[in-house]
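*Asks:* The lines below spell out each chain.
2 protein chains.
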Amino acid sequence: MAYELYYWPTIQGRGEFVRLALEEAGAEYVDVARRRDGMAAMQLLMAGADAEHPPFAPPFLRDGDVMIAQTANILFYLGRRHGLAPRNEAGRLWAHQIQLTIADVVDEAHDTHHPIASSLYFEDQQTEARRRAADFIANRIPKYLGYFEGVLEINPQGERHLVGRRTSYCDLSLFQLVAGLRYGFPRAMAELEPRFPRVAMLHARIAARPRIDAYLKSGRRITVSSAIIRSSIRQARPLGGITSL
Amino acid sequence: MAYELYYWPTIQGRGEFVRLALEEAGAEYVDVARRRDGMAAMQLLMAGADAEHPPFAPPFLRDGDVMIAQTANILFYLGRRHGLAPRNEAGRLWAHQIQLTIADVVDEAHDTHHPIASSLYFEDQQTEARRRAADFIANRIPKYLGYFEGVLEINPQGERHLVGRRTSYCDLSLFQLVAGLRYGFPRAMAELEPRFPRVAMLHARIAARPRIDAYLKSGRRITVSSAIIRSSIRQARPLGGITSL
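Line order of the protein sequences matches chains A and B.
Under this note's numbering, residues 1 to 245 are what the first sequence spells out, in order.
Under this note's numbering, residues 1 to 245 are what the second sequence spells out, in order.
The set of hints was computed from the structure by calculation and includes no laboratory data.
Among the hints, a few may not be true.
One copy or two, it doesn't matter: identical chains are merged, so the pair holds either way.
Unchecked claim - Below, in silico cross-link-like pairs of lysine to any residue (SDA-like), each with a Cα-Cα straight-line distance of 20 Å or less:
id: 1; residue 1: Lys143; residue 2: Gly219
id: 2; residue 1: Lys143; residue 2: Ala200
id: 3; residue 1: Lys143; residue 2: Asp107
id: 4; residue 1: Lys143; residue 2: Trp8
id: 5; residue 1: Lys143; residue 2: Val30
id: 6; residue 1: Lys143; residue 2: Ala47
id: 7; residue 1: Lys143; residue 2: Ile154
id: 8; residue 1: Lys217; residue 2: Gln12
id: 9; residue 1: Lys217; residue 2: Ala51
id: 10; residue 1: Lys143; residue 2: Glu123
id: 11; residue 1: Lys143; residue 2: Leu44
id: 12; residue 1: Lys143; residue 2: Ser118
id: 13; residue 1: Lys217; residue 2: Glu28
id: 14; residue 1: Lys217; residue 2: Gln157
id: 15; residue 1: Lys143; residue 2: Met189
id: 16; residue 1: Lys143; residue 2: Pro197
id: 17; residue 1: Lys143; residue 2: Glu193
id: 18; residue 1: Lys143; residue 2: Glu159
id: 19; residue 1: Lys143; residue 2: Ala188
id: 20; residue 1: Lys143; residue 2: Met46
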């Protein structure tokens, strides 16, 4: 039976980390909210007090009777089932630890657009966003990328992977983090990336994996530009502003 | 062999979720950074590129050869070893999902003090902090507490616990969340809490558990006021300001 993924249909966002794992696994899945009436189905599930394990927010994944929310938790679940994580407990926890650290930097990146409140328009917090983005670029991106560079460097199984000797969901997520940072902070990343060659190499290798390559070229990957257009129309939110930093 | 917990020695912070689990379990542990030369030991471990599984940030836990970082990951590990989580996979993932949601609201609460950057003094982002805190109180606290109230309400094993029929690390963490919100936003919480009676009752029940009660009354629990005094001295950061909201 196909997995059902529930996530906002017009952005990559946190759901993209799950999509990448499903694509790399070659798993059958339905991206529910992107289908006709899919948003209604998603909102019904979120409002449903009758669910056994209700999610607080998307993304969440349904696998038959099992419903799981929180991106890192979903990946922990999928990693075990599709060989996208080490098998032994220590390795699984280590992979999860890295994923949670990626989640932290993704949160911080998101907050550069919404330092005051996710509920406010970007233009109502633009000054604050500039200040926060400047700190994120100067202090946080180098610290996080330096950490992941170090993790690659010390992997006893080789610096091609964050964990173990095979591609894990962590590698897929680091790929997505780099892609997102390049889009959001192109000048800063152009300057910073030479300092983190292992991270840049990992991004290139993941992009070239057959299933990921096919996915990136397919209509299934939500393009950032189409997401921005749709988001701007819907929310009158000029998301492009921050990216010129 | 005693666990070694590594966390900033003068604040409750994220480390407190781990401390509560260790205390409820009656586990032997050393709060390393609070001992003489403990901060040096912690910083050495964080800088140590020779560690097999280096942490990005505290808290982290050492259990013999195993080193684990990320609060929710540590609790996942401890929950299994000390009966502080359900035993079956679905229950363990559900508990973890709740813990990650608690981590999200804790992050948002933290950011009400530091909306621009953790590296800046509070006084340099006080105006922004007021705006962010107002949104957090109006929109986010009710949404999160409403979610946890619902989770308690629908627990088929009874509304005394978030998960299953025994005290889990989730219950301990929700206790700590409520304690932190009451401290940080006393007026807002006084007004909001009557809408979430199950959450308030859970806080009271956890506080009364023998080991937690003993811990709260002991010198081991870092008091918030002493933490503020120390933090203000160290960082000239008037943390009290936001709490008058």
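*Asks:* Does each hint hold? Answer for all of them.
*Replies:* Hints and how they fare:
no.: 1; hint: Lys143 - Gly219; result: neither (34 Å within a copy, 35 Å between copies)
no.: 2; hint: Lys143 - Ala200; result: within (15 Å within a copy, 39 Å between copies)
no.: 3; hint: Lys143 - Asp107; result: both (15 Å within a copy, 19 Å between copies)
no.: 4; hint: Lys143 - Trp8; result: between (30 Å within a copy, 19 Å between copies)
no.: 5; hint: Lys143 - Val30; result: neither (36 Å within a copy, 28 Å between copies)
no.: 6; hint: Lys143 - Ala47; result: between (39 Å within a copy, 12 Å between copies)
no.: 7; hint: Lys143 - Ile154; result: within (17 Å within a copy, 42 Å between copies)
no.: 8; hint: Lys217 - Gln12; result: within (15 Å within a copy, 47 Å between copies)
no.: 9; hint: Lys217 - Ala51; result: neither (36 Å within a copy, 39 Å between copies)
no.: 10; hint: Lys143 - Glu123; result: neither (28 Å within a copy, 24 Å between copies)
no.: 11; hint: Lys143 - Leu44; result: between (40 Å within a copy, 17 Å between copies)
no.: 12; hint: Lys143 - Ser118; result: between (25 Å within a copy, 13 Å between copies)
no.: 13; hint: Lys217 - Glu28; result: within (18 Å within a copy, 54 Å between copies)
no.: 14; hint: Lys217 - Gln157; result: neither (31 Å within a copy, 48 Å between copies)
no.: 15; hint: Lys143 - Met189; result: within (13 Å within a copy, 36 Å between copies)
no.: 16; hint: Lys143 - Pro197; result: within (15 Å within a copy, 42 Å between copies)
no.: 17; hint: Lys143 - Glu193; result: within (12 Å within a copy, 39 Å between copies)
no.: 18; hint: Lys143 - Glu159; result: within (19 Å within a copy, 43 Å between copies)
no.: 19; hint: Lys143 - Ala188; result: within (14 Å within a copy, 36 Å between copies)
no.: 20; hint: Lys143 - Met46; result: between (36 Å within a copy, 13 Å between copies)
In the structure shown, a violation is registered for the earlier hints numbered 1, 5, 9, 10 and 14, in ascending order.
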